[in-house]
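Assemble the complex: chain A is given as a structure, and chain B must be docked to it using the hints.
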Amino acid sequence: MLYLGDDTDVNTLAQVQAATAAIEQALGDELIDLVPSYASVLILYNPLRSHRHDIARRVRGALASVAATPTATGRTVVLPVYYATETGADLEPLAARAGLTTAQVIDLHCATQYRVYAIGFAPGFAYLGEVDTRIAAPRLATPRARVPRGSVAIADRQTAVYPSESPGGWNLIGRCPTPMFTPDAQPSMPVAVGDSVYFEAIDRARYLALGGELS
Amino acid sequence: MTVLQAGVLSLLQDSGRYGQQRLGLSTGGPVDSVAFHYCNRLLQNPNGCTAIEISVGGLQLLLQTDTYICLTGADMPLSINGEDKNRWEVHRVNSGDILRVGFARSGCRAYLGVAQGFDIAHSFGSSATVVRESIGGLHGAPLQSGDQLPCATTSDRKQLFLPAADWPRYQNTLTVRVVPGYQQSHFSRVEQRRFFGSAFNVSRQCDRMGYRLEGPPIDCEIQGVLSEGICHGAIQIPPDGQPIVLLNDRQTIGGYPKIGTALSLDVARLSQLVPGSSVHFAPITLHTAHRALDLAQRFVLQRPLLERHS
Numbered sequence: 001m002l003y004l005g006d007d008t009d010v011n012t013l014a015q016v017q018a019a020t021a022a023i024e025q026a027l028g029d030e031l032i033d034l035v036p037s038y039a040s041v042l043i044l045y046n047p048l049r050s051h052r053h054d055i056a057r058r059v060r061g062a063l064a065s066v067a068a069t070p071t072a073t074g075r076t077v078v079l080p081v082y083y084a085t086e087t088g089a090d091l092e093p094l095a096a097r098a099g100l101t102t103a104q105v106i107d108l109h110c111a112t113q114y115r116v117y118a119i120g121f122a123p124g125f126a127y128l129g130e131v132d133t134r135i136a137a138p139r140l141a142t143p144r145a146r147v148p149r150g151s152v153a154i155a156d157r158q159t160a161v162y163p164s165e166s167p168g169g170w171n172l173i174g175r176c177p178t179p180m181f182t183p184d185a186q187p188s189m190p191v192a193v194g195d196s197v198y199f200e201a202i203d204r205a206r207y208l209a210l211g212g213e214l215s
Numbered sequence: 216m217t218v219l220q221a222g223v224l225s226l227l228q229d230s231g232r233y234g235q236q237r238l239g240l241s242t243g244g245p246v247d248s249v250a251f252h253y254c255n256r257l258l259q260n261p262n263g264c265t266a267i268e269i270s271v272g273g274l275q276l277l278l279q280t281d282t283y284i285c286l287t288g289a290d291m292p293l294s295i296n297g298e299d300k301n302r303w304e305v306h307r308v309n310s311g312d313i314l315r316v317g318f319a320r321s322g323c324r325a326y327l328g329v330a331q332g333f334d335i336a337h338s339f340g341s342s343a344t345v346v347r348e349s350i351g352g353l354h355g356a357p358l359q360s361g362d363q364l365p366c367a368t369t370s371d372r373k374q375l376f377l378p379a380a381d382w383p384r385y386q387n388t389l390t391v392r393v394v395p396g397y398q399q400s401h402f403s404r405v406e407q408r409r410f411f412g413s414a415f416n417v418s419r420q421c422d423r424m425g426y427r428l429e430g431p432p433i434d435c436e437i438q439g440v441l442s443e444g445i446c447h448g449a450i451q452i453p454p455d456g457q458p459i460v461l462l463n464d465r466q467t468i469g470g471y472p473k474i475g476t477a478l479s480l481d482v483a484r485l486s487q488l489v490p491g492s493s494v495h496f497a498p499i500t501l502h503t504a505h506r507a508l509d510l511a512q513r514f515v516l517q518r519p520l521l522e523r524h525s
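These protein sequence lines map, in sequence, to chains A and B.
Residue 30 in the numbering used here sits at position 30 of the first sequence, with consecutive numbering throughout.
In the numbering used here, each residue carries its 1-based index in the second sequence increased by 215.
Only chain A is shown next, with the shape it has when bound in the complex (with noise of 0.2 Å):
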């Protein structure tokens, strides 16, 4: 395990994703899986082929060969959501939580250039950070068995778009109509870790037009 931070900060994105490049480059087929997480990154090898101390001697070369300040790489990517109560059950309560109204919320969410930090927990769930702290919500107490696909969801200081329908805890404000995973795709998901995500509020009947479910 490689850390490269203890924070959630661009600068460290940079580094995981340079360093994440470099280790590939430098070990080559004899590794076997890489996982990289907001500050980290996590190195998979065959100990049978491979001793530990070349691998380590290895990735420091590569890490040697990474600027101290490296740019962030990434594209950006703007999603488009329905913000509603009909797509989103925790939109009212988390507004009148914040004194807000559904309104600002929508402007607060959709007015932040967020980052992807990390890919995980299912196939295809971007961790995006993060969040205006006016509308950053704590995790429900009691997680919902069902959250539907495409739903844009809040926890702390991050937001997401769950990519099926899967169990979750954190608060739902919308709906986004864009695929996040498609296992037959190349690339199978619009977003990669670095990349820039804006969010774009859009109606009922557009959401509906580009494919969006009320189910």
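Everything labelled a hint here was simulated from the structure, so no lab data went into it.
Glycine included, C-beta positions come from ideal geometry on N, C-alpha and C.
Treat the hints with care, since some could be wrong.
To be verified - Pairwise CB distance ranges (calculated):
| hint | chain 1 | residue 1 | chain 2 | residue 2 | range |
| --- | --- | --- | --- | --- | --- |
| 1 | A | His53 | B | Ala367 | 42 to 50 Å |
| 2 | A | His53 | B | Ile313 | 51 to 59 Å |
| 3 | A | Leu44 | B | Arg320 | 14 to 22 Å |
| 4 | B | Ser413 | A | Gln104 | 51 to 59 Å |
| 5 | B | Ala367 | A | Ser50 | 29 to 37 Å |
| 6 | B | Ile313 | A | Leu210 | 49 to 57 Å |
| 7 | B | His502 | A | Leu210 | 55 to 63 Å |
Unchecked claim - Simulated coverage check for chain B against chain A, where a stretch passes if three residues somewhere in it have a Cβ under 8 Å from a Cβ of chain A:
| hint | region |
| --- | --- |
| 8 | 238–249 |
| 9 | 281–295 |
Chain B only, in chain A's frame:
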């Protein structure tokens, strides 16, 4: 082959899905990698050919071609057309035969393989079924009655077997060797001694994702960490202090503190335990862990096979 009865939980598995964890995909694959290895080795297949992982038992298949099969792992009774057959042995089967796998008497995971493996389309480079993700296998789900399992006609296999003295014994106590690591330093010396000095029971919450154990609560100074990659065998200690050993279908990243990582060979044995079984943890160094893997590679996985001449 046609599935007549799917049993409790029967899943198509190859050696697992690698290189896709950054999309959030679990590795999947056989939870008892040793029994799976022997299934393919006995059948003279390349490593990692797709086989059926049978949990608990109850699988019935109708053969629609002439080939060879082999059952390894947990002690589940095997019969072909009602006639009892040995496990850990290659058997000739013909079109029209009915193959039955009964319920486990010890252990809980068995592997049913076929010569050349089942011919299953890959999803993200693997046939491994991960039910939680609806990926792999025939339709991302456990086998169902009526499923058709494609496999080739084969006529050139030796009828190899593993002598019974070398069959693994699946008992209901196990010592799991652990390489301390991850957030180990956030567990006080007293808590570490409690972890390595106590008996834990396998709870009812044990599946391919993880084995939750019950015992004296282990306290950690921290509630969680920034979500990070979780390796196979990682031992999480959630706020209730009850350890969870993470298996093949684990989520790729998570934020509970971890006290160390169980040796893969022992995780394979752990996956054969049923609720109520007793587990102890023993600390080992990384060096010892690598030596144990090396020895297993040369001895445990390479026991001599004999040939049955009929």
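Okay, the hints, checked on the actual structure:
1. Take A:His53 and B:Ala367: their Cβ atoms lie about 44 Å apart, and the range 42 to 50 Å holds.
2. The hinted window of 51 to 59 Å between A:His53 and B:Ile313 holds, with their beta carbons roughly 54 Å apart.
3. Taking the beta carbon of each, A:Leu44 and B:Arg320 are about 36 Å apart, not inside 14 to 22 Å as hinted.
4. Against the hinted window of 51 to 59 Å, the Cβ-Cβ separation of B:Ser413 and A:Gln104 comes to about 52 Å, which satisfies the hint.
5. Between B:Ala367 and A:Ser50 the C-beta distance comes to about 35 Å, which sits within the given range of 29 to 37 Å.
6. The beta-carbon spacing between B:Ile313 and A:Leu210, approximately 51 Å, falls within the hinted interval of 49 to 57 Å.
7. Evaluation of the 55 to 63 Å hint for B:His502 and A:Leu210 yields a pass: the beta carbon distance comes to about 56 Å.
8. For the region 238–249 of chain B, the assignment as covered by chain A holds, since 4 residues bring a beta-carbon within under 8 Å of that chain's beta-carbons and 3 suffice.
9. Coverage of the region 281–295 of chain B by chain A is violated. Counting CB-CB distances below 8 Å, 0 residues qualify, and the rule asks for three or more.
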